[in-house]
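Using the hints, position chain B against chain A.
Number of protein chains: 2
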Amino acid sequence: MYDGSVQDLIDELGRLPGIGPKSAQRIAFHILESESEDMLRLADAIRTVKEKVTLCTICFNVSEHETCSICRDEKRDQALLCVVEESQDVMAIERTRTYRGRYHVLGGAINPIGGIGPDQLHIRELLTRLQDATITEVIIATDPNLEGEATATYLSRMLTTTGITVTRLASGLPVGGDLEYADEVTLGRAFEGRRAL
Amino acid sequence: MYDGSVQDLIDELGRLPGIGPKSAQRIAFHILESESEDMLRLADAIRTVKEKVTLCTICFNVSEHETCSICRDEKRDQALLCVVEESQDVMAIERTRTYRGRYHVLGGAINPIGGIGPDQLHIRELLTRLQDATITEVIIATDPNLEGEATATYLSRMLTTTGITVTRLASGLPVGGDLEYADEVTLGRAFEGRRAL
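Read top to bottom, the protein sequences are chains A and B.
The first sequence begins at 1 in the UniProt record's numbering and counts up by one.
The second sequence begins at 1 in the UniProt record's numbering and counts up by one.
None of these hints come from the bench; they were simulated from the model.
From a predicted model like this one, the values you see are computed outputs, not experimental measurements.
Be a bit skeptical, because a hint or two may be false.
In this list, chains with the same sequence are indistinguishable; a pair is considered to hold if it fits within one copy or across any two.
The calculated DSBU-like cross-link candidates involving lysine-lysine, where the alpha carbons are at most 35 Å apart (straight line), are [claimed, not checked]: (1) 75 to 52; (2) 52 to 22; (3) 75 to 22.
Bound-form chain A, shown alone:
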């Protein structure tokens, strides 16, 4: 409905996740009204990411190089390996500053309905990495939902014979949350996982 290129931009923006037609229009007009320099920087940022960013050949985290900055960092604890679903999970864990080991990004979780089995995930590569005897503990940090739990169970069964310690992140009440509003599964888990004070 707008002149060609404005409508093209609205259409392209509307394909991004979480951006409806109204937001797409608002952002398009923001782009129209902003300094050209800033907006060309956005266009270049998109282009650069598509041209430069690939997956780390060791852990499958996003990376601009063959291996990511975490895998290249020799000060990281080589004995710990944290298994996550997505690159975003790596960043969430990094923000806590409590973990200093390395990661393995599966690229998703087991989801039979969605057609994702162990072969679609980077599980074979995980097993190859675990042949390195320096890894003594695998921390499974898949999401605390149905698919994440199924993946955790699958991995822990697969690793029982290896002698490597396999742990899972604790489930329980979120810090700062309200017990009264916790769902019953979470509250149940918090009871099961209670600790001595």
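Leaving out everything else, chain B in the frame of chain A:
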């Protein structure tokens, strides 16, 4: 926190209106995971808009040419001129398919607190257009808020001496709305503007 170019993209996306840090990250990873072709099309759409789109020299609507498609359309009723704040308003009115005249985009509304007076808007150009005797009615379609009403009042006073009919869009209950939830100002306007059935 991510490798340079991913973080750059998240930062640039986070500057867009209505996109917080979480959305920026989600969109960035969507861009990473999508087909290169689609995402380069988005980058190009941004670049094209900044390079090609300007304001129509007649009505100040966004346009890829010196004059916009509405001003160029000779089938439009030349006697009617609808005055709006922004290009987005033109599009909203076009979607109704009830108006077949032309437009004049002010580029905002009078807002003394924000430092926007009549001189910052395309009001001088409006007066020049109105010297064309074919225009017999000016429909003021500024927003029904404080700034829009002030602008409407300013314009209607300015045009009293010209002999051109000046009208304002009706205020009242939104269609499909619920009388019970209408604010008192809107409901008051609906009473004032009541019509014989």
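Status of each hint after checking the structure:
1. 75 to 52: within (26 Å within a copy, 50 Å between copies)
2. 52 to 22: So residue 52 and residue 22 pass the 35 Å test inside a copy (32 Å) and across (22 Å) alike.
3. 75 to 22: between (47 Å within a copy, 29 Å between copies)
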